[in-house]
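4 protein chains.
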Amino acid sequence: MSVARENDLVFLMGRDRKSFIVRLQPGAELQTHRGVIRHDDLIDQPLGREVQSHLGYPFLVLEPSTHDLILDLKRTTQIMYPKDIGYVLLKMNVGPGSRVVEAGTGSGGLTLALARAVMPKGRVYSYEVRPDVLNLAAKNLEKLGLRSFVELKERDIEEGFDEVDVDALFLDLRNPWEYLTQAHMALKSGGFFGATLPTTNQVVRLIRALPEHGFSAVEVEELLLRPYKAVPARLRPMDRMVAHTGYLVFARKIEQETDASAVPEEGSLSKSD
Amino acid sequence: MSVARENDLVFLMGRDRKSFIVRLQPGAELQTHRGVIRHDDLIDQPLGREVQSHLGYPFLVLEPSTHDLILDLKRTTQIMYPKDIGYVLLKMNVGPGSRVVEAGTGSGGLTLALARAVMPKGRVYSYEVRPDVLNLAAKNLEKLGLRSFVELKERDIEEGFDEVDVDALFLDLRNPWEYLTQAHMALKSGGFFGATLPTTNQVVRLIRALPEHGFSAVEVEELLLRPYKAVPARLRPMDRMVAHTGYLVFARKIEQETDASAVPEEGSLSKSD
Amino acid sequence: MSVARENDLVFLMGRDRKSFIVRLQPGAELQTHRGVIRHDDLIDQPLGREVQSHLGYPFLVLEPSTHDLILDLKRTTQIMYPKDIGYVLLKMNVGPGSRVVEAGTGSGGLTLALARAVMPKGRVYSYEVRPDVLNLAAKNLEKLGLRSFVELKERDIEEGFDEVDVDALFLDLRNPWEYLTQAHMALKSGGFFGATLPTTNQVVRLIRALPEHGFSAVEVEELLLRPYKAVPARLRPMDRMVAHTGYLVFARKIEQETDASAVPEEGSLSKSD
Amino acid sequence: MSVARENDLVFLMGRDRKSFIVRLQPGAELQTHRGVIRHDDLIDQPLGREVQSHLGYPFLVLEPSTHDLILDLKRTTQIMYPKDIGYVLLKMNVGPGSRVVEAGTGSGGLTLALARAVMPKGRVYSYEVRPDVLNLAAKNLEKLGLRSFVELKERDIEEGFDEVDVDALFLDLRNPWEYLTQAHMALKSGGFFGATLPTTNQVVRLIRALPEHGFSAVEVEELLLRPYKAVPARLRPMDRMVAHTGYLVFARKIEQETDASAVPEEGSLSKSD
Numbered sequence: 001m002s003v004a005r006e007n008d009l010v011f012l013m014g015r016d017r018k019s020f021i022v023r024l025q026p027g028a029e030l031q032t033h034r035g036v037i038r039h040d041d042l043i044d045q046p047l048g049r050e051v052q053s054h055l056g057y058p059f060l061v062l063e064p065s066t067h068d069l070i071l072d073l074k075r076t077t078q079i080m081y082p083k084d085i086g087y088v089l090l091k092m093n094v095g096p097g098s099r100v101v102e103a104g105t106g107s108g109g110l111t112l113a114l115a116r117a118v119m120p121k122g123r124v125y126s127y128e129v130r131p132d133v134l135n136l137a138a139k140n141l142e143k144l145g146l147r148s149f150v151e152l153k154e155r156d157i158e159e160g161f162d163e164v165d166v167d168a169l170f171l172d173l174r175n176p177w178e179y180l181t182q183a184h185m186a187l188k189s190g191g192f193f194g195a196t197l198p199t200t201n202q203v204v205r206l207i208r209a210l211p212e213h214g215f216s217a218v219e220v221e222e223l224l225l226r227p228y229k230a231v232p233a234r235l236r237p238m239d240r241m242v243a244h245t246g247y248l249v250f251a252r253k254i255e256q257e258t259d260a261s262a263v264p265e266e267g268s269l270s271k272s273d
Numbered sequence: 001m002s003v004a005r006e007n008d009l010v011f012l013m014g015r016d017r018k019s020f021i022v023r024l025q026p027g028a029e030l031q032t033h034r035g036v037i038r039h040d041d042l043i044d045q046p047l048g049r050e051v052q053s054h055l056g057y058p059f060l061v062l063e064p065s066t067h068d069l070i071l072d073l074k075r076t077t078q079i080m081y082p083k084d085i086g087y088v089l090l091k092m093n094v095g096p097g098s099r100v101v102e103a104g105t106g107s108g109g110l111t112l113a114l115a116r117a118v119m120p121k122g123r124v125y126s127y128e129v130r131p132d133v134l135n136l137a138a139k140n141l142e143k144l145g146l147r148s149f150v151e152l153k154e155r156d157i158e159e160g161f162d163e164v165d166v167d168a169l170f171l172d173l174r175n176p177w178e179y180l181t182q183a184h185m186a187l188k189s190g191g192f193f194g195a196t197l198p199t200t201n202q203v204v205r206l207i208r209a210l211p212e213h214g215f216s217a218v219e220v221e222e223l224l225l226r227p228y229k230a231v232p233a234r235l236r237p238m239d240r241m242v243a244h245t246g247y248l249v250f251a252r253k254i255e256q257e258t259d260a261s262a263v264p265e266e267g268s269l270s271k272s273d
Numbered sequence: 001m002s003v004a005r006e007n008d009l010v011f012l013m014g015r016d017r018k019s020f021i022v023r024l025q026p027g028a029e030l031q032t033h034r035g036v037i038r039h040d041d042l043i044d045q046p047l048g049r050e051v052q053s054h055l056g057y058p059f060l061v062l063e064p065s066t067h068d069l070i071l072d073l074k075r076t077t078q079i080m081y082p083k084d085i086g087y088v089l090l091k092m093n094v095g096p097g098s099r100v101v102e103a104g105t106g107s108g109g110l111t112l113a114l115a116r117a118v119m120p121k122g123r124v125y126s127y128e129v130r131p132d133v134l135n136l137a138a139k140n141l142e143k144l145g146l147r148s149f150v151e152l153k154e155r156d157i158e159e160g161f162d163e164v165d166v167d168a169l170f171l172d173l174r175n176p177w178e179y180l181t182q183a184h185m186a187l188k189s190g191g192f193f194g195a196t197l198p199t200t201n202q203v204v205r206l207i208r209a210l211p212e213h214g215f216s217a218v219e220v221e222e223l224l225l226r227p228y229k230a231v232p233a234r235l236r237p238m239d240r241m242v243a244h245t246g247y248l249v250f251a252r253k254i255e256q257e258t259d260a261s262a263v264p265e266e267g268s269l270s271k272s273d
Numbered sequence: 001m002s003v004a005r006e007n008d009l010v011f012l013m014g015r016d017r018k019s020f021i022v023r024l025q026p027g028a029e030l031q032t033h034r035g036v037i038r039h040d041d042l043i044d045q046p047l048g049r050e051v052q053s054h055l056g057y058p059f060l061v062l063e064p065s066t067h068d069l070i071l072d073l074k075r076t077t078q079i080m081y082p083k084d085i086g087y088v089l090l091k092m093n094v095g096p097g098s099r100v101v102e103a104g105t106g107s108g109g110l111t112l113a114l115a116r117a118v119m120p121k122g123r124v125y126s127y128e129v130r131p132d133v134l135n136l137a138a139k140n141l142e143k144l145g146l147r148s149f150v151e152l153k154e155r156d157i158e159e160g161f162d163e164v165d166v167d168a169l170f171l172d173l174r175n176p177w178e179y180l181t182q183a184h185m186a187l188k189s190g191g192f193f194g195a196t197l198p199t200t201n202q203v204v205r206l207i208r209a210l211p212e213h214g215f216s217a218v219e220v221e222e223l224l225l226r227p228y229k230a231v232p233a234r235l236r237p238m239d240r241m242v243a244h245t246g247y248l249v250f251a252r253k254i255e256q257e258t259d260a261s262a263v264p265e266e267g268s269l270s271k272s273d
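Chains as they are written, first to last, in this note's numbering: chain A, 1 to 273; chain B, 1 to 273; chain C, 1 to 273; chain D, 1 to 273.
Derived from the structure by calculation, the hints contain no laboratory data. Incorrect hints may appear among the rest.
Note that the list lumps identical chains together, so a pair holds whenever it fits in one copy or between two copies.
[Unchecked claim] Straight-line distance between alpha carbons at most 30 Å, and here's what the computed BS3-like set of lysine-lysine pairs gives:
#1 K74 to K143
#2 K121 to K143
#3 K143 to K153
#4 K139 to K121
As the structure is a computational prediction, the values presented were derived from the model and not from experiment.
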C-alpha cells in the first residue's frame, strides 16, 4: 500500500476534474474552490482514496505524474504540452544519463520532463535570458525536487553554450534560426536537434537555415490530442480541443555539408508541389 | 566527436528516408535497396556523416533514437507508435527506477521504451501468452542491449501477475476488461493504469468495467501525428497520414469504491449528451 | 455595383469579426456591442464598404452567405455546422428540384441550407415534435424568405412521413434507428439516407439497424474544420477549435435484402479488427 | 419506385466498394474488375437493387450523387475533394441562379458541383489555359448533361475575365495572388472570393496580397475528413486517411481601402504571436 508522507507531492482531483498539487507539510492547509483540506488528513495516509474538504466535497488523493506536474506549473510563458514533450523525448533519444541543452527555460515544463528522464546521472543545461522567468523555473524545479539535475544559466545564447558534445539540444525560442552555429558547436556528431514554433513562417525560416548550418534529416511534424468524454453510454470527443500548440522540427548534426536534407522523394499528387 | 564502435547500433538513412539499423560487426555487410555497405567502413568512424554504398548511393550514419528503434522492430503484431508511447510514459509517470507491468508483450515496442525509461534500477515485467511472439520480443530486446531490464513471462494473465505494488500497469490486449481484478492486485494504491484499444466498442466496455473494479479518474484520449513535407519553399502536410492507431485509456487504482470516475461536469452543447 | 435595398438581408462584420445579420427597414436601428447603426445609412447604399457606428467603430457591409445565415440562426438546440451541411448536400445529391425529408427541424440550420439548395422547384418536408422549436424554425425561415420552400410539420415521426418517393431523407434525432421503417417507406428506391449523431454508441446502434431495415452502402465519416489566423507574417492554426459536432452516417435505400453493407474488404493492421 | 432509363447515369458499387458510373445505352457492356455487366440488364429496371456480373459478383445499382460524380471524374490534374467543395458552396453562397467565375477549370470537379448548384438559371464561367485539360473538362460535363450551364473559356486570365458583377469567383491556380486585380474587376461589390492552395507559402503570399487589392474579411481554413469502418461491433477510424488536400482561403470584395482584414482580435497564448 502506497502511503503519502510528509514532504511528498500529492495530486488532489475533485469530481469536477479540477486538481491541485501540494507538498505535504504538517499543520498546512490547502484552499480549494470547494473548501479546505488539512495536510494532516493526508500525511501518513494511503494514496488512492477519497478525502473530503471541510464542505464535504470529495477529492481523490494521488501521486502526480510528470504529465500532471507539467500542466500544474506556475507559468508566465506559453508552456510545451505533455503530448509534445513525450514525443520529443523519444525522437531525441533522451533517457537516463543523457546530457541535454535547452533554451529558453521558460516556465520549466520541458526542463522538468528532461530532468526526470535523464536523472540521476544525466544533466540538463537550461539557458534563459529573462531573470524573472529563470527564477520562476528555479522555484518550480526546487518544489519538485529536480533542481539538482538541472544547471540553469541566465545567458543570451547569442554568446554560445558552455557545453560541447551534448546528446541533444532543444530550442523553444522565437528565432531559433539565429542560433544554429551555437547549437552545432554544442552538439556531438550526429546529435539530436529539436525546436517548437507556433507559426508556419518560422518553420520555413528554420528548415531553410538548418541545412546551411550543418544539420540534416530535417523533419516537421505536429501532434493533435483529442480528448473524449469517458462516459460508457455516451462515448464521444469533447466539444472543443486545443487545435495548435506548435510545430515540432527535428534534425541531426552532421559533420560535412550534405544534401541529405533534400526533399523526401515520396510522391505528391499536388500540382503545386 | 562521436564515433561508432564495434558492437554499437547505428542508424543508416538514405536520401529517400529509407533507413536501416544494424549492430556493427567487423567483416559484416549491410544489404540495402541501393547497394551494399561494409560495417568496416563504419567502425571507429565518426557519426553524423555520409557514407556511400558500393553503388555510390549516400547514407547518413547516425545513432538511433528510441523512436527509430521502435519503428525498426521486427514485428508480427501491430505495434504501438512512438507518438502514443511517449505520451503514455508521461501520463503514467514512468521514469528511472519505476516498476512497470505490461501485457501483452507483442513485438516489444512499448517494452523497449519502458526499459529505456526505467533503467538502470527499474524493472519491466512483460507478460505474453504466445511463445513465438515472446521469442521475437526477447530477440529484439537482446539486440538492443535492454534484455536485462525486462522480465519476460510466458503466461495467461487470467492467472494473475506475480508482482505487487507496481507503479504502473499497461494492457495492450483485445479484452483488457477481463483482467482488471488482476491488474488491481498488481498495482500500488493510486497506481497508474493504461490501455490501448482500436475500436470504440472496446473502449466502451473498458471504461464501463474500470469503476466497477476499483479504478477511478478514467480518461480517454487519442493522438494524431501529422507529418509535413519539410521543404522551405513549399511547406505543407504530407498527402496521407496514419489516421488511427488506437484510443488511449488511463485510470488510477483506488482503494475504496468512489464515484470519482463519474461524468466530467464540463458542459456539452449536444442534445444527446 | 451591388446595392443594399429596403428589405434585403445584410451582414455587418466588425473588425473584431463579431457580426450581425439584419433585414433593412427604413427608420430601424441596429444595436451592436460597439454602438448603433441606422438602417437608413445602409439602404440604397453599395455593399462591400465600411460604415461606422455612432461610436465610430467600423463595420463591413456585406451580403450574408448560407454559411453566415446558418451560424446566425436563433437557436434553442444544437445546430448542424456548415462544414457538415455542405458535405451532406453533396453526398445526398441535394440540388435544384430535389424533394427532401428532414426530422427533426431543430433551429432550422439544415432546413435553410436544404431550402436554398432545392429552390425554386424542389421541396423540403421538415418534421418536428416540439411546437416551440418548430415555431422558432418557422420564424427563422420566414425572416430569410425561405418559408415557401419548406413544409413544416408538427408530428411524431413514429407515425410515419406523409411523403413517398423522396430523393433524400435526413434524421437529426437522438434515436434514428427507431424510425428506419418509416424512412424506408418515404424514400425512393436507391434514395439517400443520412443522419448525424454525437456519440459512438448511437452510431453503433444505427449502423447495426440500417442493414436490417433495407439500407445498404453504409458509411460513417466525420469532418474537422481547422481555422487559421490569417496573418501573413504569422500564419498558424487558431489555438482552439471545435473538436466534435457529430458523426455523419450515410446509407442508400435498397429494395431487396442484400449483404452489400458488409465490412469493406479494405485491410486493417489492427489485431482486434 | 425509381427506375433506371436509357441514357441515365447509374452508379454501380461492388461489395468491395469499388464503383463505376456509366450512362446506360442499349446493347452496351460495362467491364468491371469482377466481370461484365450488360446495360440491358439495367435499363427499365428499378434502382436500389443488386445485379450480378457474368462472374456472379454482386453490384448495387444506384443513382450517383454529386459526391460520386466528382470522385469518378477522368482527371489529369489534382481535383478538389467533395469535403472542400461542399463547404466552398456554402461559404461563397452559391445556389440556384448564382453567376460564378472559376479558374482554372482543371478536370472539372468544382465546375460540375457549381453547375449543379446554380442550374437551371445560373451560369458558371470557367477559364483554363491548357486546351487538353479544357477538352477533358468539356467531355466530363457533356457526359453529365451539365455542359449547357457552363461557359468554358480557353484563356490566360492574365488578360482578365469577360464577366462583371459576378456573385462569386474561385481560383484554383498555383499563383492566385497575380490575378487579384482581374478578380476584383469581375466580382460585384461585396462578392465572394475563394481559392485553394496546397502550401503554407502560397497561403502567406495570397493573404498578404488580398488586402492590397481591395479584398477584406480574409479567412484561412482547412477541412479534414476522417472515414470510419462502418462495422457495428468494431467501430473505428480507418487506418489511413487523406491528410491534406489544400488550404481554403476566403475573402470579400470591398470598394474602398479598409483595414477590416486586419488581425482578428481573438487572443493568443503564443509568445510569438
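Each hint tested on the structure:
| no. | hint | in the structure |
| --- | --- | --- |
| 1 | K74 to K143 | within (11 Å within a copy, 43 Å between copies) |
| 2 | K121 to K143 | both (20 Å within a copy, 24 Å between copies) |
| 3 | K143 to K153 | within (18 Å within a copy, 39 Å between copies) |
| 4 | K139 to K121 | both (22 Å within a copy, 28 Å between copies) |
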